[in-house]
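Enquirer: One-letter residues, chain by chain:
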Amino acid sequence: MGGRFRDYEHVLRVAAIFVLAFLGFMAVRAWLVPEDFGVYGFFRAGALDDNRAHPIVHAGRAACVECHADVVEARRGSRHEPIGCEACHGPLARHASAEDDTKPRRPDARATCVKCHETKAGKPAGYPQVSAAEHAPEGPCTACHQAHSPRIS
Amino acid sequence: MPGVEGFIYPNEIELQWSVLIVLYPFITGLVAGAFILASLERVFNVAAVRPTYRLALLTALAFLIVAPLPLQLHLGHPERSFSMYLTPHSESAMAMFGFVYLWYLMVVLLLEIWFDYRKDLVLAWRSSRGLKRLLYSVLTLGSDNISEAALRVDDRLGRILTVIGIPSAFLLHGYVGFIFGSIKANPWWSTPLMPIVFLFSAIVSGVALVMLLYVASCWIRRVPVDMVCLDTIARYLFYAFVIDFSLELLDLIHRIYEADESFRALDFMVKTRLFTSQIVLQIVVGTLVPLSLLALAQLVLLRERARRALYVAAGALTLVGIFAMRWNVVIGGQLFSKSFLGYTTYKMSFATREGLLPAILLMILPFVILAALVRLLPPWTDGREASQH
Amino acid sequence: MQQERRAFLMVAGRLIALSGAASLAWDAVVAGAPETAPNYRLTDHWWAMIVDIEKCIGCGNCVRACKAENDVPREPGCFRTWVERYQIDPEDFEHPKVDSPDGAYEGFPEIAGPTERLKIFFVPKLCNHCAHSPCVQVCPVGATFESPDGVVLVDKARCLGCRYCVQACPYGCRFIDPRSHTADKCSLCYHRITRDLTTACCETCPTGARQLADLKNPADPIHEFLRTHKVNVLKPQMATGAKLYYNGLDGAVR
Numbered sequence: 001m002g003g004r005f006r007d008y009e010h011v012l013r014v015a016a017i018f019v020l021a022f023l024g025f026m027a028v029r030a031w032l033v034p035e036d037f038g039v040y041g042f043f044r045a046g047a048l049d050d051n052r053a054h055p056i057v058h059a060g061r062a063a064c065v066e067c068h069a070d071v072v073e074a075r076r077g078s079r080h081e082p083i084g085c086e087a088c089h090g091p092l093a094r095h096a097s098a099e100d101d102t103k104p105r106r107p108d109a110r111a112t113c114v115k116c117h118e119t120k121a122g123k124p125a126g127y128p129q130v131s132a133a134e135h136a137p138e139g140p141c142t143a144c145h146q147a148h149s150p151r152i153s
Numbered sequence: 001m002p003g004v005e006g007f008i009y010p011n012e013i014e015l016q017w018s019v020l021i022v023l024y025p026f027i028t029g030l031v032a033g034a035f036i037l038a039s040l041e042r043v044f045n046v047a048a049v050r051p052t053y054r055l056a057l058l059t060a061l062a063f064l065i066v067a068p069l070p071l072q073l074h075l076g077h078p079e080r081s082f083s084m085y086l087t088p089h090s091e092s093a094m095a096m097f098g099f100v101y102l103w104y105l106m107v108v109l110l111l112e113i114w115f116d117y118r119k120d121l122v123l124a125w126r127s128s129r130g131l132k133r134l135l136y137s138v139l140t141l142g143s144d145n146i147s148e149a150a151l152r153v154d155d156r157l158g159r160i161l162t163v164i165g166i167p168s169a170f171l172l173h174g175y176v177g178f179i180f181g182s183i184k185a186n187p188w189w190s191t192p193l194m195p196i197v198f199l200f201s202a203i204v205s206g207v208a209l210v211m212l213l214y215v216a217s218c219w220i221r222r223v224p225v226d227m228v229c230l231d232t233i234a235r236y237l238f239y240a241f242v243i244d245f246s247l248e249l250l251d252l253i254h255r256i257y258e259a260d261e262s263f264r265a266l267d268f269m270v271k272t273r274l275f276t277s278q279i280v281l282q283i284v285v286g287t288l289v290p291l292s293l294l295a296l297a298q299l300v301l302l303r304e305r306a307r308r309a310l311y312v313a314a315g316a317l318t319l320v321g322i323f324a325m326r327w328n329v330v331i332g333g334q335l336f337s338k339s340f341l342g343y344t345t346y347k348m349s350f351a352t353r354e355g356l357l358p359a360i361l362l363m364i365l366p367f368v369i370l371a372a373l374v375r376l377l378p379p380w381t382d383g384r385e386a387s388q389h
Numbered sequence: 001m002q003q004e005r006r007a008f009l010m011v012a013g014r015l016i017a018l019s020g021a022a023s024l025a026w027d028a029v030v031a032g033a034p035e036t037a038p039n040y041r042l043t044d045h046w047w048a049m050i051v052d053i054e055k056c057i058g059c060g061n062c063v064r065a066c067k068a069e070n071d072v073p074r075e076p077g078c079f080r081t082w083v084e085r086y087q088i089d090p091e092d093f094e095h096p097k098v099d100s101p102d103g104a105y106e107g108f109p110e111i112a113g114p115t116e117r118l119k120i121f122f123v124p125k126l127c128n129h130c131a132h133s134p135c136v137q138v139c140p141v142g143a144t145f146e147s148p149d150g151v152v153l154v155d156k157a158r159c160l161g162c163r164y165c166v167q168a169c170p171y172g173c174r175f176i177d178p179r180s181h182t183a184d185k186c187s188l189c190y191h192r193i194t195r196d197l198t199t200a201c202c203e204t205c206p207t208g209a210r211q212l213a214d215l216k217n218p219a220d221p222i223h224e225f226l227r228t229h230k231v232n233v234l235k236p237q238m239a240t241g242a243k244l245y246y247n248g249l250d251g252a253v254r
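Read top to bottom, the protein sequences are chains A, B and C. Take the first sequence: its position 20, counting from 1, is numbered 20 in this note's numbering, and each next residue is one higher. Take the second sequence: its position 12, counting from 1, is numbered 12 in this note's numbering, and each next residue is one higher. Take the third sequence: its position 9, counting from 1, is numbered 9 in this note's numbering, and each next residue is one higher.
It is worth saying that the hints were derived from the structure and are not from the lab. Glycine included, each C-beta is placed from N, C-alpha and C at the ideal position. Any given hint might turn out to be false.
Claimed, not checked - Partial chain C-side listing against chain A, Cβ under 8 angstroms, derived: (1) 39; (2) 55; (3) 59; (4) 68; (5) 89; (6) 90; (7) 108; (8) 120; (9) 121; (10) 122; (11) 145; (12) 147; (13) 148; (14) 192; (15) 206; (16) 208.
Turn these sequences into a full structure, and let the hints steer you where they fit.
Expert: Here it is, written out as C-alpha cells:
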C-alpha cells in the first residue's frame with residue numbers, strides 16, 4: 001500500500017496546489033468584492049448613490065417661480081407658458097441656489113427666438129415659423145414681440 | 001464626416017473593437033486547433049502524428065499565454081479586469097469565458113503537459129546544475145518518482161485529461177464564437193452557426209500552424225521531415241477545411257436566400273468596403289487556393305519535395321485566410337451602421353495602444369515563448385537535438 | 001438563577017435592539033442613501049419616457065441641455081441624446097435620407113433642394129432604458145444594470161471599458177467616455193429625477209415633445225397617453241422591453 005501511495009503522491013502535490021490556489025482566490029474575493037454588491041441585483045448598490053451625486057446644472061421651473069413671480073404672471077395664458085424657463089435662459093442652477101451673485105446674461109434677443117421659430121422643413125404643421133431674414137432682416141425680435149407673452153396679432 | 005457614407009448613429013463614428021480584438025479569436029483558435037491535433041494521437045491513436053504531439057501542446061501553451069494580452073491592451077481599465085473573476089455576471093458570455101479560459105489553461109493544458117513531460121523534467125533535474133537545476137526542481141513540484149507504476153499513473157491521467165480536453169477545446173473556441181453570435185443587435189454576428197464556424201476555422205488554423213512549425217523545426221534542426229506524419233496532418237487539415245468551408249458557404253447561401261432587412265446593407269458592404277479582405281483574402285487566397293492545393297495532394301501522387309512545398313504553401317495561405325475571416329467578422333461587423341443606412345471606416349493607427357504595431361508584436365511574442373518552451377521542454381521524438389551551427 | 005436571567009435579558013435586549021436597528025437600516029437602504037435622496041423610495045417608481053414626434057421641431061435644446069447637465073464630452077461620437085431628421089420620398093419608402101449633424105447640437109441646417117414631395121420629421125433618440133436590456137445582459141462584471149426603479153445605469157467605478165455593452169445595444173445609444181475610459185449613456189438624469197425634478201432634456205424642450213413618465217404613479221399622464229395614442233418603440237422585434245414610447249413613429253424610422 002505504501003508503494004501504491006508513493007506512485008501517485010505527485011498527483012496529490014498538484015491537487016494540493018489547486019486547492020490552495022482556490023482557497024487563496026476565495027480569500028482575495030472576500031476581501032476585494034465590495035460589501036454592497038448584490039444588495040438590489042447584480043451590481044454595486046453604491047452605484048445608485050454615485051449616479052445621484054451628480055451636481056444639478058438646470059434649476060428647473062419650480063426654482064425660478066420662487067423669486068420671479070412677476071414673470072409667471074406675465075406668462076399666464078400665453079403661448080410660451082408651457083415652456084421651461086431654462087429652455088431660453090440656459091442652465092441656471094447656480095443662480096437659483098444663490099451660489100453666484102452675478103446676474104445671468106440675458107439670452108440673445110434674436111438667436112434665441114430663431115433657433116425654434118426659423119422656417120424649416122419638417123416642423124409640424126401649425127407650428128409658428130417665419131423666415132427671419134425676410135420677416136425682419138436685422139434687429140432683435142423683442143423690438144416687436146414680448147418674449148414672455150408673445151402674441152400673433 | 002470623413003469616412004462615413006450614408007447615415008450612422010452619432011455614437012457609431014468610432015469603431016469599438018480594434019485589430020487587437022481580431023487577434024484574440026485568431027490566437028485562441030490556434031490554441032484550440034493545435035490541441036485538437038495533439039488529441040488525434042493521444043485519444044484517437046493516430047500514431048502517424050506522434051512527432052508533433054508535444055510540439056502541438058507547447059504551441060497551444062505559448063499562444064494561450066499570449067491570448068489575454070490583446071484584451072488587456074484594449075480595455076479602458078485593465079487593472080479592473082480581475083473583477084471578471086470576482087463578480088462574474090453569469091448572463092455574460094464574456095464573463096463565463098474567463099472561467100473557460102482558466103479551466104483550459106490550468107486543468108487541461110498545463111496539467112497535460114506536466115504529466116506528459118514529468119519523466120523528462122525529473123531526468124533534467126537530476127542531470128543539471130545551478131539555476132537550471134532549481135528551475136527543474138520547481139517544475140517537478142519536488143517529486144522525483146519516475147518508477148514504472150508512477151509513469152503508468154501519469155499516462156492514464158494524461159489520457160483522461162486529453163479526453164476532457166477535447167470538449168474543453170471545443171468550448172474554448174466555441175465560446176468565443178458565442179460571444180459574437182449571441183449579439184442580436186448585430187446581424188453580421190448574430191447566427192447560431194457562429195460558434196461552430198469559429199470552431200472549425202480554429203481547427204483549420206491550429207492544424208496548419210503546427211504543420212508549418214513542424215516543417216520549420218525540422219529545417220532548423222536539419223533533420224528530415226517525417227513524411228508519413230506530414231501527409232497525415234495535411235489530410236486532416238483538408239477534411240477540417242472542407243467542413244469549415246461548407247459551414248461558411250451555408251451561412252452565406254442562407255443570408256442571400258432569406259435577404260432580410262440587414263442583407264442589403266451587408267451585401268453592399270461586402271462588395272465595397274470588405275471586398276479585399278473578404279472576397280480576395282479570405283475566400284480566394286485563404287480558402288479556395290489552399291483547398292485546391294490540398295485536394296491536389298490527395299488526388300495526384302506527387303514527389304516528396306513537391307508535396308512538402310505544397311503543404312507549406314497551403315498552410316501559410318490557410319493562416320492568412322483564417323486571420324482574414326476573423327478580421328471580416330470583427331471589423332466587418334462594425335463597418336455598417338445598426339440603422340442599416342450607412343457605413344463608417346476603420347482607421348487603424350500604427351504606434352498606439354490598439355494599433356498595428358502592438359498587434360504585430362503580440363503575434364511575434366508566442367513564437368518567442370515557444371522557442372523558450374522548446375528549449376526548456378524539448379518535444380522532439382527523433383532523439384536528435386538542434387544541430388550545432 | 002439571577003445570573004442566568006440577567007444573561008438572558010441582556011441577550012434578548014440586544015437582539016431586540018439590533019433587529020430594530022436592522023429594520024431602520026433596511027428602510028434607509030430601500031429609501032436610498034439618506035444624504036442624497038431622503039424622501040425617495042426606489043420601489044415607488046418605474047421610470048419611462050414619452051417622445052411625441054408630432055411635436056418635435058428639431059431645435060436641439062435637448063441635446064445642448066443634456067451636454068450641459070451631464071458634462072458630456074464634446075468629442076465626436078459622445079452623445080447621450082441626439083435628434084435625427086428623416087426625409088422620406090413617399091415613392092422610395094425603403095431608402096429614407098437621414099442626418100444628425102453633430103447630433104443636432106446646433107439644430108439642423110436648411111435642406112438644400114425642393115422639399116414639397118418629401119415627408120420630413122425629427123426623431124429624438126436616447127437610451128430606451130430597456131426592461132430586458134441586452135446591454136445589461138452582456139456586461140461581464142455587473143457595471144451596467146437596471147436599477148429597481150427602472151433606469152439603466154453605469155457604475156463608472158467598476159466598468160472595465162471592454163465595450164461589449166456598446167456592441168450589444170441595438171439603438172446605438174452607448175459610447176465610451178474618452179476621459180474616464182468607461183461606458184457612458186443617458187442616465188435619465190438620475191440625479192434629478194430622484195429629487196423631484198424632471199430630466200434636463202424634458203425641462204428645456206419647448207414643445208413638450210419629451211415627457212418623463214413614471215409608470216408606477218397612477219396619476220401620471222402616461223397612462224392616459226398610452227390609452228389614447230398609437231405608440232411604438234424602436235426595433236420592437238428585438239424584444240428589449242424598451243420604455244421609450246414614441247407617438248407618431250413612422251415605419252421608416254430606424
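Enquirer: Starting from the hint list further up, note which numbers the structure goes against and sort them upward.
Expert: Per hint list: 1, 5 and 6 violated.
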